[in-house]
Amino acid sequence: MDRTPERDSDNQLMSVAVGTNAPTSRIDFEEDNHFPVTDLQESGYSAELRDSPAATLALDDRDPTASSSSVAAPTVDQVSRAQKLDPKERSIWFGTGTKTVDTDLEEQILMLKETQIKYTELLKLAKQMMQHFQRMTDSQRDLAAAFADLKMKLPESAELQYGLNNSVETQRSLIMNGEILLGALSFFISNLTTLVHTTMEDSIVTVKTYESARESMPLAKHQHDIHKEKFDKLRTTLTIKLGFLEENKVKVMQKQLLLFQNATSAYFSGDKQALENCVKTFHFKIPRE
1 MDRTPERDSD NQLMSVAVGT NAPTSRIDFE EDNHFPVTDL QESGYSAELR DSPAATLALD
61 DRDPTASSSS VAAPTVDQVS RAQKLDPKER SIWFGTGTKT VDTDLEEQIL MLKETQIKYT
121 ELLKLAKQMM QHFQRMTDSQ RDLAAAFADL KMKLPESAEL QYGLNNSVET QRSLIMNGEI
181 LLGALSFFIS NLTTLVHTTM EDSIVTVKTY ESARESMPLA KHQHDIHKEK FDKLRTTLTI
241 KLGFLEENKV KVMQKQLLLF QNATSAYFSG DKQALENCVK TFHFKIPRE
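The opening residue of the sequence shown carries number 1 in UniProt numbering; numbering runs sequentially from there.
If you're looking for bench data, these hints aren't it; they were derived computationally from the structure.
Treat the hints with care, as some may be off.
[Stated by the list, open to error] Under the rule of at most 30 Å between Cα atoms (straight-line distance), these lysine-lysine pairs were calculated in the DSSO-like manner:
{"id": "1", "residue 1": "Lys285", "residue 2": "Lys118"}
{"id": "2", "residue 1": "Lys251", "residue 2": "Lys118"}
{"id": "3", "residue 1": "Lys255", "residue 2": "Lys285"}
{"id": "4", "residue 1": "Lys233", "residue 2": "Lys124"}
{"id": "5", "residue 1": "Lys251", "residue 2": "Lys241"}
{"id": "6", "residue 1": "Lys255", "residue 2": "Lys124"}
{"id": "7", "residue 1": "Lys113", "residue 2": "Lys241"}
{"id": "8", "residue 1": "Lys127", "residue 2": "Lys249"}
{"id": "9", "residue 1": "Lys255", "residue 2": "Lys118"}
{"id": "10", "residue 1": "Lys251", "residue 2": "Lys124"}
{"id": "11", "residue 1": "Lys251", "residue 2": "Lys127"}
{"id": "12", "residue 1": "Lys241", "residue 2": "Lys124"}
{"id": "13", "residue 1": "Lys208", "residue 2": "Lys124"}
{"id": "14", "residue 1": "Lys285", "residue 2": "Lys124"}
{"id": "15", "residue 1": "Lys124", "residue 2": "Lys113"}
Start from the sequences, fold in the hints, and give me the full structure.
The structure is reproduced here in structure tokens:
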């Protein structure tokens, strides 16, 4: 049989993987023999080789009754399966190569995870702000009721009646403005919640499925081809989802940030008309008791 440099390279790679230091010019698959393998750790092999699929394969096939210093070598069938792989897959099998990584997609996945964390924190702060204004509006409502009660119980002083009446009206005006702001905040929180916990989470679930499929990619040639076809379809689906998510996120946040800015600015400036325009523009409901 004629020897070729490519076959010699493959055989040398296999001889190292199964733990024999003797140079081998060829492997005769017709002979049902085993190759001697000494303990990987005692032989001084690197951690990378000990952790390689070939080393793991040898350790998994070990005879339970044998001593720890005696490890069974890969069988002819196992070596034959490795031989059927293409050079790139064979290098992965023997621990000398790495699986292909889609760097662009990986960057998008990382960005998605970071974005979800940041938007979750933003959502938390928006809820805290709404709770704060809800408590303040409740206090203003209680103040208005207390001023009205004093007005009824102190009829003898006209000046005091006038002051109490103005206080009641001021608090009621603040309450109305506060209710509009609460409506705007509620609308903002609702849309942000949908974006974070529904839209983004749907893509996160697809990412987890994609990562799981990538890690479980089989090395046997036939199974590898079938799995790769499904994996490629999943990767395409994920890429499309991430594209739609980015487009949707921009549109949603532009609208919600405009609402947030207009509503808070109008509230703190006391511009009642601007607050009412927010309701007409963004069509959100005002929570009234």
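When the hints from earlier in the document are held up against this structure, which numbers fail?
-> 4
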